[in-house]
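Visitor: Below, each chain spelled out in residue letters.
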Amino acid sequence: MHELSWLPEPQADFNEKCSQLGDGSLSIGSLRALVNSKLSLNQSNRLFREINKLPPGELEKIKSEFSLFKLGLVSNSTVDLFIPSFFTSALRHGIFIEVITADFGQIIQEALDSDSLINQSGIDAVLLALDYRAFPFAANSVAMAAPGQGSADALEYLRTIRDGFHKNSGTVCILQTLVAPPFSLLGNMDAQLDGTLRKEIAEFNAGLILDTKASSDLLLDVGTMANMVGVYEWFDERQWYMSRVPMANKFIALYADHVSRLLAAMRGKSKKCLVLDLDNTLWGGVIGDDGLDGIRIGQGHPIGESFLAIQQYAKELNNLGVILAVCSKNEEEIALQAFKEHPDMLLKDSDFAVFVANWEDKASNIRFIAETLNIGLDSLVFVDDNPAEREIVRTIIPEVTVPELPKDASLIPRTLSAAGFFEMISFTADDAQRSKQYEENAQRRVEFHKAGGVDEYLKSLDMKITFSPFDTLGRKRITQLINKTNQFNLTTKRYTEKEVEAFELSPEHITIQVRLTDRFGDNGMISVMICLQEEDVITIDTWLMSCRVIKRRVEEAICDKLLDEAKDRKARYIRGIFRPTEKNKLVKEHYKALGFTEVESTSEYDVWELDIEQYTSKKPPIEVLGQ
Amino acid sequence: MNTDTADILKKLESIFLDTFTDTGYEFSTETTREDVDEWDSLNHIRLLTAIESEFDFQFDLDEIEDISTVATIADIVSNKLS
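Chains as they are written, first to last, in our numbering: chain A, 1 to 627; chain B, 1 to 82.
Keep in mind that the hints are not guaranteed to be accurate.
[Stated by the list, open to error] Derived pair list, reagent style DSS-like, types lysine-lysine, alpha-carbon separation capped at 25 Å:
1. B/80 - A/17
2. A/38 - B/11
3. A/250 - B/80
4. A/250 - B/11
5. B/11 - A/17
[Said to hold, decoys possible] Just a sample of chain A residues kept apart from chain B, beta carbon distances all over 12 Å, derived:
6. 44
7. 50
8. 81
9. 114
10. 193
11. 242
12. 258
13. 293
14. 306
15. 358
16. 376
17. 586
18. 599
19. 624
Bear in mind the hints are in silico, worked out from the structure with no lab data behind them. Glycine is no exception: its CB is placed at the ideal position from the N, C-alpha and C atoms.
The following block holds chain A by itself, in its conformation from the complex:
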């Protein structure tokens, strides 16, 4: 978690991007993308310095894209190391932060003196970054402790500081719960013994939470943050002794992100809507291929239960006012059926304010969702198990938050919740109603408007395709695909392994198996084609493709390949057949899109034809290997 596991790795060209920033040639979108990653301390520092070196005009341009926030900071520790991470994580949350720090240890003075630096700076909030070592009970001997005094004195001390800032700055204080260090004196007795760190800190935290709730101040729950990562890891005594840094350096970015979430919530910049993919995100499997009884969701199966936990998390958020939407590559009818008819589905189609299931690119669909709900793109979180979809959305719409997800679905709820997208600084009954209002206003299942930029992205995917005729090695997988694929399947003809072998050996047949890699890895065999040549006509008997690679112009590369093959075989016409089924509406217009002409249409099948001499190669941005 200290690694901010929901954020992608920093971009490989981070340093060049920083230099571009210095030249003023980096776009705001690229800046957003840059800070939306796991930056190291050094990288945050680099970015922080580059931005602060900018000439005033350039700086103003950047500031105008973010919400400005002036944060006062008092602490009993060294804060210099925090500032760059505060800065970059604030940008990540849409905030341009200016931090006003008091001199080391000057806490009471800063609060009580109306002329102090912080009180004179017109701050929007002050963070009291105090760890347990700021309070007297940490230094006092347990043997001398009086009952109930340690934590009570500490809370009183804190009240003095808060009152000072309230009075002199008229500002909100952000108060931290304390982390109990991994240390004990008399073991289990510590929790009961007056004056021990364990007891005093537990009492302090309980008191602080009540105090905060009764005031307009805000709570930064550092105690819980540290418990989540483990206090053995959280504390690094070396850092404290050397430089008075209160936690291990590797947690500074996490701490800064938590602070920024709170500031973002103050500015109304918390996320509002969770946009969810369906296949392998809300259930295991692919509904279009596996069918209603083939997907995994619900009790009694470990994978089904792990997806159920994701639905529970989404449902609970929805009950608390977070809007839910669906963005999935699927037939809408089939996707909706899953919610309406599957008995173990916890989420119902009525839980979603917008339901978009189609075959268009997800970036455009997400824009559409934001427009329909009439909320900013920066209030959307898009959750998808497919790394390529995540990357395309990040690239095209940097404003949308797209968390990295663990491969194992059972780890998804903790990853999403650790990211803290839905931070709230207060909670009322109205908040819980909010998602319902959006739902009523939004018009569900509406048509879709396409936006550009996809080809750019496809190029960046670095796709490499391999074609080969059927062979012994591929036979099992080919047979499997032929019998399993329902959606991108033009004729849905099923063949046994023996029959596949027969095609493989037949000189009249053209067989093609297609493999695709991209920069996210090997997609394996993604398409299969079987054609029969009769004199100068080649008929496509079978053409199917995995839904994972749809809308990537892969079918165009395959068509180009078939045309080359056809020319070698001195053919003149290609004939394509579409046989409609319940599940393959997706490819109804497939041959039309490739430039074929319809020559026959019945209720059983459509026949399309292409004159080879009329064909212009599509040349999609995919490199063909082995040629």
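Since the structure of chain A is provided, determine the placement of chain B on it from the hints.
Guide: Here is chain B on its own, set in the frame of chain A:
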């Protein structure tokens, strides 16, 4: 110089480049804290944190006290790794 040391130095050089943007010094085993203007106490912490995270170990307190040249760092890293 064996290959392990060469590899360590290569990684250290890249960490130095990340930590100190001012390149007005020559990186070598001879480089000392005095040679690098930006090597102040704050950047010292950043430097050590980056090294710890790259090589996945922790410096002992007494080692940190000794560190003032690239050669010492390389020695400590190579001891920790072996």
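Visitor: Which hints, by number, does the structure contradict?
Guide: Numbers 1, 6, 7, 8, 11, in rising order.
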